[in-house]
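Asker: Spelled out from the first residue to the last, the chains are:
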Amino acid sequence: MAESKSLRVAYGEALAELGAVNDKVVVLDADLAHATMTSLFQAKHPDRFFNFGLAEANMMGAAAGMSHSGLIPFASTFALFGTGRAYEQIRNSIAYVSANVKFGLSHSGLSVGEDGGSHQSIEDIALMRVMPNMTIFVPCDSAETRKAVFAAVEIDGPVYIRVARPVVETFTGPDTPFVPGRANLLREGKDICIVATGLMVKEALTAAESIAGRGIQAAVLNVHTIKPFDSAAVLAAANRCGAVVSVEEHSVIGGLGSAVAEVLAGKSAAKFCRLGIQDRFGQSGKPADLFKAYGLTPAHIEEACLKLLGK
Amino acid sequence: MSDTTLDGLAVQLRRDILEMLYRCQSGHPGGSLSVLEILMALYYKTMKTDPSNPRWEDRDRLVLSKGHGCPALYAILANKGFYPREDLWNLRQLGSHLQGHPDMTKTPGVDANTGSLGQGASIAVGMALAAKHKKASYRVFAVLGDGELQEGQIWEASMSAAHYKLDNLTFILDHNGLQIDGTNDEVMGLGNVMDKFAAFGFQCFDVDGHDRDAIAAALAAPVSGKPKFVRCRTVKGRGVSFMEGNAGWHGKPMNAQEFEAAMKELGGQQNG
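Protein chains in written order, with the numbering used here: chain Z, 1 to 311; chain F, 1 to 272.
Bound conformation, chain F alone (with noise of 0.2 Å):
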């Protein structure tokens, strides 16, 4: 798909994923928004799949681990043909395949069950194993919320990975600075994201999180015997200005006027 192509979907996306959450009135707008370019880097430039065959044995695999963030997960299935985007209203109610966190055993293409923080990433890090132990090809993403590193498991997870020699698995940072109590350094400093996850043997990468090919080169780049990370710096809320670098919206149900000014403001084409 062409870049301009993708800038009108990356519209379209946010105005599904706020029309989501606003008819479900519960979610987490902020991390979704924030995650959105990470996952369509994967989705539209990095990541074999097929909507036909959600199992494929030979798919490259997306943990969400901050599954938080599944609206914008959620809403790229639909747009890839996994099912229809009628779905997608149907998000959080009794009966729907979408959950309110991700759930493999419902949803066509979600690889992996996560919302418990830390643990997509040792589950991704069991895929990328599994891949090596069978010699297949396919690659491994889990995509990490930045309050999750405070989760031990992730560094349990991080240091198998490197154990292991695992390059066919990526780390992904969705770092927002922003979790539901504040910023991570109010709450609990995460230091040096890049020295300490370089320091745990992972290739590190440091890019723009709403710059889709800068996200993609860095998934492209070469690595071979270490994991690989690659921090997206990115903004909880992008698009909606008064989400924007507001953490009280990590979970906040929109209000009708609320709604109404965030779509207009993102434009594009109306729902329907």
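So that you can see chain Z by itself, here it is in the shape it has in the complex (with noise of 0.2 Å):
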């Protein structure tokens, strides 16, 4: 049996990990740091963790005051606050001019669960993809959430790091590659691909699985990195199979479905529809029944490629 692990807790264990070799690092939270879990950075590194309080917008400045000072912050509250709430911080004092300000943001999608939808972000991803200079990661268990980490901190600029807050199975290995920028292929098929992010990864995976049971080889690919986006990579996969269907734990406007669509116009005839939440906000629940009421389960996955396929 697999290990499982929420990828928050990936996450602050990354962060403490990365404090230990790298003493430029420094880490910041809004009142969230037992729920973000950089109090795992924290309580080893109480030096270099700054709180802010419930003041997301002055923590990205400061993050990008910091920055300019030969520091390498990275920012921690939840997905919705900080891209939301601080997105003009973000923009102006960080992207703008490049700020090599790192932001892991947790509590993303709609498995933040009970909590409901004023606290599940679905738009996180698109506002953060329109920003010039921006690198988003969208790890899909807490093995890539690892690897994302240590990958930020290596990149001269400001990332994002996607975050989920559920405890999943790690059903990557340690020498599963993460390239940033280049998706990875987890499995091959030549009938149709499955074009995932997060934790929808394992879902295509799982519903590749069970279709391969009715004949249809389908491929997986792990879209790990939103921006910059492997273009090559899902347009060869598109005119290798004739048919894609993008997943995400996020909204159909904006986010990965968006991103394949930009690449397939006028470049590939291959069939496309998106999978993700369809233009509406979350509500509360648990995390695996949101998934079945917003459509974001293997079956659903599974049904969409059958439609697509004509069968």
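No lab work stands behind these hints, which were simulated from the structure alone. Note that the Cβ used here is the ideal one computed from N, Cα and C, for glycine as well. This list has only true hints and no planted wrong ones.
Which residues of chain F face chain Z? A partial, calculated answer using Cβ under 8 Å: (1) M104; (2) A124; (3) V125; (4) A131; (5) Q153; (6) S160.
Computed cross-link-like contacts, DSSO-like style, restricted to lysine-lysine with a CA-CA straight-line distance of at most 27 Å: (7) F:K132 with F:K45; (8) Z:K24 with F:K165; (9) F:K135 with F:K226; (10) Z:K44 with F:K132; (11) F:K165 with Z:K44; (12) Z:K292 with Z:K311.
Beta-carbon label-pair distances, calculated as ranges: (13) Z:G266 with F:F242: 53 to 61 Å; (14) F:H133 with Z:K292: 45 to 53 Å; (15) F:S52 with Z:G266: 46 to 54 Å.
Make the complex out of the two chains shown on their own, each in a separate frame, by following the hints.
Answerer: This is how it looks when you write it as structure tokens:
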């Protein structure tokens, strides 16, 4: 049985580990250290942890100022409050100058669960994706989260790491490649390609497994880097398979599905459909129930594939 | 530099500001003229900077949070030798390193990108916090506009400055009382700014914002364990009678007659 771990715990552990080898790394939080799990860094490196209280805009601006002074800040809060409330601080104080600030923002997507629609960010990828200079990682499990943190610090410029809350199976290994901007083909298949990101990657693999029983060979492409987007890998998969389904725990507007559409438009005749949150807000519920209600289960992915292939 | 020399320089810098703005037919004369003595007190009497090494690690930092006042900063940086004075005439032109609002990635000597109001205060907090963390001795100064105090981020930044006991940080208020839509009191009253910053944990000073020595003395006054706030009482459009105290000159270009009248009133050397 594979290990299971929350991505946010993996994020906090990776920060603590990174802090031990890089003394320029400082961590900022907005009164959510025990939810984003930056508390794990705080415990190991208390002199490099700075709480900014419930003031996300100031935290992002201060992170910019710290980066101008040679430090490498990781600023954390919930995805909604980071990318939403502090949007223009990220835009003007950070991205506009390509400040060397990282923000690992947790509680992204519907999988926040019971806290409901006010706390479920369904638009954060879209918001960050339109900013020049931005890099966006959306890890699929704890192992990939750790790699994203260590990759982020190697990039000179802003990096958004979208971190999910639930405990999920760690299905990638320490040796699974993580090259920023390079999508991972996790499963070969000639009939259709499922392009997935974040928690939806595991769901896509399960769907591909199941649909194989019907004689359909589905490829699964893990897009862990939304920006810069691996257009070549997506286009190659589309042309090879002739059909593409995108799956994301995010609005179908502006996120992975839009990025795929932008690549395919005018360049591929592949059939294409987007799975994700269909332009509506979230609500309270258990994550598994929410995934069912919003069409984000392996069964939904399988159904979408069959429909696209006319079967 | 002697005070007499600085008096002459102030005239010259005001001429430079007006010429920059006249040539590009855009930009913000009122707030550039009100903030000039504040920036002169910083650059000629207070801050450690090195024009030959703009990114010198131990330099004092200036965050012009009221970024629209940048023509005053640009004129001073040119005079200090960060770049040639001729560059000033390219303000706001395509390809110029002198952007409409300060850009640290383009202009030598500019320490932070500002202009979206409220954000500079937080950037300054981060710089001061980094100095404390690194045990560096540099100071950080943020110049705020009075309309800017209406931004909530200013108060978030102020709270954190006191929380982290940033006595290497000074917020300087260019308090000219006017903003785009009218007086502060008409648009959104600021109340007693001295009391407000004191309540947020700052050591507060109140000076004539066109008296360079008074500003410099307040900047030099020792504080320990708390950030400093210096309210500078200023006149918007200072030095040009028809602009003084007139909110209409916040961001209006001058026509030829107005430019000529303003330059005549300022006197001093012909620009070239």
